[in-house]
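Trainee: Okay, here's what each chain looks like letter by letter:
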Amino acid sequence: MHLGMRQSVLARTVGVSAAYLNLIEHNRRRIAGKLLIDIGRELGVDPALLSEGAESALIEALRDAAAGPVEHSHDMARPEDFAGRFPGWARLVVAQHRRIVALEHTAEALTDRLTHDPQLAASIHEVLSVVTAIRSTAGILAEPGEIDPDWQKRFHRNLYEDSRRLAESSQALVEYLDSADDETEPGLTLPQEELESWLERRGYHIGELEVEAPVSGKDVLLGADGMRGSPAAHSMALDYLAQYAMDARIMPLDRFRQAVAAAGPDPAVLAARFGCDLAAVFRRLASLPQEDAVPRIGLVQCDSSGTLTFRKPVDGFALPRFGAACPLWPLYQALVRPMTPIRMRVEQAGRNASAYLTYAISQPATPAGFEMPQVFRATMLILPEDLAGRDEAAAILPIGSSCRICPRSACQARREPSILTDGF
Amino acid sequence: MGKRVLLIEDEPNIIEAIRFVLSRAGYVVDTHSDGSTALGAIRSKAPDMVILDVMLPNKSGYDILRELRAEEGMAGLPVLMLTARGQKKDREMAERYGASRYMTKPFSNAEMINSVAELLDE
Numbered sequence: 001m002h003l004g005m006r007q008s009v010l011a012r013t014v015g016v017s018a019a020y021l022n023l024i025e026h027n028r029r030r031i032a033g034k035l036l037i038d039i040g041r042e043l044g045v046d047p048a049l050l051s052e053g054a055e056s057a058l059i060e061a062l063r064d065a066a067a068g069p070v071e072h073s074h075d076m077a078r079p080e081d082f083a084g085r086f087p088g089w090a091r092l093v094v095a096q097h098r099r100i101v102a103l104e105h106t107a108e109a110l111t112d113r114l115t116h117d118p119q120l121a122a123s124i125h126e127v128l129s130v131v132t133a134i135r136s137t138a139g140i141l142a143e144p145g146e147i148d149p150d151w152q153k154r155f156h157r158n159l160y161e162d163s164r165r166l167a168e169s170s171q172a173l174v175e176y177l178d179s180a181d182d183e184t185e186p187g188l189t190l191p192q193e194e195l196e197s198w199l200e201r202r203g204y205h206i207g208e209l210e211v212e213a214p215v216s217g218k219d220v221l222l223g224a225d226g227m228r229g230s231p232a233a234h235s236m237a238l239d240y241l242a243q244y245a246m247d248a249r250i251m252p253l254d255r256f257r258q259a260v261a262a263a264g265p266d267p268a269v270l271a272a273r274f275g276c277d278l279a280a281v282f283r284r285l286a287s288l289p290q291e292d293a294v295p296r297i298g299l300v301q302c303d304s305s306g307t308l309t310f311r312k313p314v315d316g317f318a319l320p321r322f323g324a325a326c327p328l329w330p331l332y333q334a335l336v337r338p339m340t341p342i343r344m345r346v347e348q349a350g351r352n353a354s355a356y357l358t359y360a361i362s363q364p365a366t367p368a369g370f371e372m373p374q375v376f377r378a379t380m381l382i383l384p385e386d387l388a389g390r391d392e393a394a395a396i397l398p399i400g401s402s403c404r405i406c407p408r409s410a411c412q413a414r415r416e417p418s419i420l421t422d423g424f
Numbered sequence: 425m426g427k428r429v430l431l432i433e434d435e436p437n438i439i440e441a442i443r444f445v446l447s448r449a450g451y452v453v454d455t456h457s458d459g460s461t462a463l464g465a466i467r468s469k470a471p472d473m474v475i476l477d478v479m480l481p482n483k484s485g486y487d488i489l490r491e492l493r494a495e496e497g498m499a500g501l502p503v504l505m506l507t508a509r510g511q512k513k514d515r516e517m518a519e520r521y522g523a524s525r526y527m528t529k530p531f532s533n534a535e536m537i538n539s540v541a542e543l544l545d546e
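Top line first, the protein sequences correspond to chains F and S.
Following the numbering used here, the numbering of the first sequence begins with 1 at its first residue and continues without gaps.
Following the numbering used here, the numbering of the second sequence begins with 425 at its first residue and continues without gaps.
Hints listed in this document are in silico derivations from the structure and should not be mistaken for laboratory results.
A few of these clues could be false.
[Said to hold, decoys possible] So, partial list: chain S residues that the calculated Cβ filter (under 7 Å) puts toward chain F:
1) N437
2) F444
3) S447
4) M479
5) K529
6) P530
[Said to hold, decoys possible] Covered by chain S, per the in silico footprint, the following chain F stretches (three or more residues, Cβ under 8 Å):
7) 121–129
8) 137–146
[As the list claims (entries may be wrong)] Here are the simulated EDC-like pairs of lysine to aspartate or glutamate, each with C-alpha atoms no more than 20 Å apart in a straight line:
9) K427/S x D454/S
10) K483/S x E126/F
11) K469/S x D454/S
12) K153/F x E440/S
13) K512/S x E495/S
14) K153/F x E143/F
Backbone N, C-alpha and C define an ideal beta-carbon position, used for all residues, glycine too.
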């Protein structure tokens with residue numbers, strides 16, 4: 001700012017906000033007419049000079065854009081003509097050029113991080129070093145050959161120490177990879193992950209929408225426990241909150257809790273009680289506030305392509321972070337049998353496997369029409385049996401998380417080999 | 425007396441296991457754990473071959489190997505590189521810098537013994 005005048009004072013004097021004046025000063029807003037004259041007067045500067053400053057900045061930015069890897073034609077030698085005749089187009093070219101530069105920078109930073117991240121490299125190196133020590137030491141103990149009792153004792157101690165180190169270093173690696181979900185690391189996560197990360201912090205329960213006069217979704221996101229994050233994540237969050245608000249209106253929290261307390265978490269009974277569809281009841285059950293010592297309820301959704309569009313995890317039921325899930329999930333059975341409710345006991349493979357009662361349904365995601373194919377959304381509720389009650393008579397369907405990490409080698413639904421060659 | 429192997433590695437339990445396995449197979453094993461003084465250790469111990477870890481404190485195994493190959497009389501010394509990275513570009517880098525052989529962690533004891541025996545023409 002010229003003449004030592006504070007930006008806020010000048011803004012007040014000429015009747016614009018300090019933020020707007022800041023945009024003008026950095027040539028991000030064009031200045032003309034009465035405002036140009038007023039600012040010129042207050043600064044004691046010829047208005048034409050101020051205008052020219054903006055113009056010259058635009059021309060300079062056009063020159064920068066033209067310096068990129070494009071084929072030059074003779075008319076590009078005179079950017080001032082272009083800026084003068086088509087100022088709107090010129091600003092668009094400059095804005096797009098800046099965006100390209102910013103995106104290139106982001107892409108470079110992410111590539112660099114993925115290939116040269118020292119923390120990730122050190123973490124993986126640590127894990128592999130310990131695994132190497134364990135493999136060699138275990139080999140010595142297991143393979144034929146005489147070992148002095150003192151050495152044997154020593155190798156046993158080494159194995160014990162290394163196994164502890166492996167547990168710690170692999171835990172550190174997992175924590176580091178998990179931290180990529182943190183909103184302070186924008187760009188490494190998908191919008192869906194940003195939304196799920198925020199919902200996790202909120203316990204998948206949005207108190208602001210449970211009151212008689214709920215605030216808008218936008219206000220929830222702007223509130224104290226709101227969501228920072230990408231515009232794409234915000235857009236997904238607004239859709240989620242709109243759905244949440246509608247479910248909360250149809251099934252008010254107090255009445256819904258009373259109904260669950262009276263009838264148990266039976267979606268069919270609750271849907272009949274509140275006169276709504278099953279998917280809405282699934283969502284509502286999964287959004288109940290988490291109470292101590294009560295097992296958490298999980299929820300997953302997918303669209304017609306089978307892509308998981310929403311994941312609320314539950315202990316002991318692994319949800320794949322990337323790629324497709326197990327094709328045996330009742331969620332996918334529902335997708336191929338639209339509008340048919342499915343109730344199934346399932347159990348994932350794994351060391352701490354326990355049975356879950358799942359409910360699934362596939363319903364139209366869009367209004368019916370003749371212009372495009374009907375899109376469906378399948379929803380699956382995952383109830384721990386401690387909560388749902390154990391129906392010993394019902395068969396349990398063995399399922400997995402995703403083929404990559406599933407040890408059920410003989411599974412007919414397998415689409416690729418597992419990386420767990422020996423199971424868990 | 426068996427042939428002398430110098431193991432340059434900073435992980436104590438890997439050192440202990442490899443030393444045990446190679447000693448049992450009849451080799452004389454010396455060890456060294458610091459990258460910055462590794463070249464001096466190779467000169468002073470004058471081993472028949474070197475097992476060299478890539479990620480060492482203070483200096484990388486690649487730098488040590490490059491400097492080693494530039495020294496007179498060291499071009500033919502067998503060097504087995506150990507690394508936690510098995511990507512093609514890492515293998516290519518090891519070959520470019522003059523590694524005789526490249527082994528990715530984790531490896532079995534049999535692989536280690538076979539590699540050492542082959543590099544020492546046994």
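Trainee: Now tell me, hint by hint, if it's right for this structure.
Mentor: Cross-check of the supplied hints:
no., hint, result
1, N437, "holds, 4 Å"
2, F444, "holds, 6 Å"
3, S447, "violated, 10 Å"
4, M479, "holds, 6 Å"
5, K529, "holds, 4 Å"
6, P530, "holds, 4 Å"
7, 121–129, "holds (count 4)"
8, 137–146, "holds (count 5)"
9, K427/S x D454/S, "holds, 11 Å"
10, K483/S x E126/F, "holds, 17 Å"
11, K469/S x D454/S, "holds, 8 Å"
12, K153/F x E440/S, "holds, 13 Å"
13, K512/S x E495/S, "violated, 27 Å"
14, K153/F x E143/F, "holds, 16 Å"
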